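Going line by line, the protein sequences match chains A and B. Heads up: the first sequence begins at 1 in my numbering, then just goes up one per residue. Heads up: the second sequence begins at 1 in my numbering, then just goes up one per residue.
Do not take every clue at face value.
If you anchor each label on the Cβ, the simulated ranges turn out as follows [said to hold, decoys possible]:
#1 B:SER66 / A:PRO106: 41 to 47 angstroms
#2 B:ARG60 / A:LEU57: 52 to 58 angstroms
#3 A:MET1 / B:GLY160: 46 to 52 angstroms
Hints listed in this document are in silico derivations from the structure and should not be mistaken for laboratory results. Please read all numbers here as calculations on a predicted model, not as lab measurements. Note that the Cβ used here is the ideal one computed from N, Cα and C, for glycine as well.
Spelled out, the chains give:
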Amino acid sequence: MFRAILVTQWKWTRTTALLATVAAFSIPVASLQSARDADTPLEFISRMQAWGIGYALLAAGVGLLVALAAWGHDHQGRHVYALSLPVSRQRYALLRYGAGATYLVPAIIAVLIGSLVVIATGAIPQGLHAFPIALTLRFGLAALVAYSVFFAIGAGTTRTAAAVLALIAVVLFAQFVISASGVQFDLLRYVADGLFGTGGVLSVFSGRWMLVDV
Amino acid sequence: MTLAIETNALEYSIGRDFRVAGLDMHVPTGSVYGFLGPNGAGKTTTIRLLLGLLRPAGGRIMVLGSPMPEQYKSVLARTGYVPERPHVYPSLTVAEALMLHRAFHPTWDDVWAEELRRQFTLAPDRRVGALSKGESGKLLMLLALAQRPELLVLDEPTDGLDPVVRRDILASVLQYVTDRQATVLISSHLVHELERICDWVGLMDAGRLIAELPMQEFKSGLKRLRVVAAPDSLAGVPFTVLARERNPGSVEQWLVRGWAPGMHEYITSVGASVREVIDLDLEEGFVEMLRSSRDRVR
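Work out the full structure: start from the sequences and follow the hints.
Here's what the structure looks like:
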């Protein structure tokens, strides 16, 4: 059953998975290329760090696109095919989730291989350390978190999506009202801290994404 | 008589405009049940309720002896479903669609699936989205049949198809029923199509089941009577008068249900006489029953 879902989902995900894999391999290599002629270790770190946002964006992007591909065809057919299968709805969702998550793996492995290639060139200045496993795990976790969030939203009905959008609108409107009334309270920062700060659902995306550090 | 499908006081509503109201439906096991009704009558909604694709607001549904939607997994494993619109993912090839469907149906028959694929001339490498309407209909029928179901639920399976494809599809259904003694629920607004294959018929209109009876009874008891010197009052008539075209002093036309030859005596006993008894075909009967049902509602 899982194999059949995996095969069909490959048709809808392969372009995303292949492009993400190439990008995931390229980011560590490109970051090294930009830092190779740095004069000092500090400048080397600084140039490498400039590419750090690339990992976070790639993880979010691949998570979003793989999640969209997982549900897109079911949405088009108004879920009639899926609902007429003799399998529990929870199990069907898990099969789809598992198949999509599987297609995140090539990009995650590509980050690891790209990082190992960077280390193998011997271009990292003495005194600095490479963290290929930590970076790969972080990228993998971020991609999985992004995928899970978008998968959950995608699994819902139009009403669910509308509820999520309405919630965002309410927060923005509340911030507008707070600002207009002259109260010194930054609601958006509060929400952002809750999501991206320590312990937040999306905290894996914040902070430094470094392959090389002191 | 055991029932493959039974509903009691089934309720469902879509917004304010449409609702299935108090639906009592009985599909005998082993029958080919024609589910007739005009477009928008609620046939597709009812079918989706029966298969657990929608959740009823009230009432009870039993399919193959199991309550729905509670037991939808075991019921769907024993049910082949052809929906109103093609539901198979259009980006898959025919072979991939078969592979996917097979993975979810433990009773799938590979040999027969291949036989049907050849019979329906479906190339395995064709994309589902590129199939013609007729080919798409054949593919859906193939998927439903090759899982060897006890119950086939076909929602307008031949709508918009050419006569040759229609014949192919209906022939494959009849062949299956003959071989397996399966139950078939087939919805359609193409009345003539069902007349040849169904042994039970249910008529639906505006979310209500207005009649449910054996096809033979439906066809034989429906007559158009040309009555001379008809009485004003129809009290005590031993049949149902669906419609009456009043024409005092001349020949009246009555559309009746439940007519039997011995009922001439009633007509003469009230001082009238029957000049002619005309058989109605299913479509005429269908139209008249709808008309009289709507008149009663008004």
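Status of the hints after comparison with the structure:
Distance hint for SER66 (chain B) and PRO106 (chain A): a CB-CB separation of about 43 angstroms, consistent with the stated range 41 to 47 angstroms. Between ARG60 (chain B) and LEU57 (chain A) the beta carbons are some 53 angstroms apart, a value that agrees with the proposed interval 52 to 58 angstroms. For the hinted restraint 46 to 52 angstroms between MET1 (chain A) and GLY160 (chain B), the CB-CB distance of approximately 33 angstroms leaves it violated.
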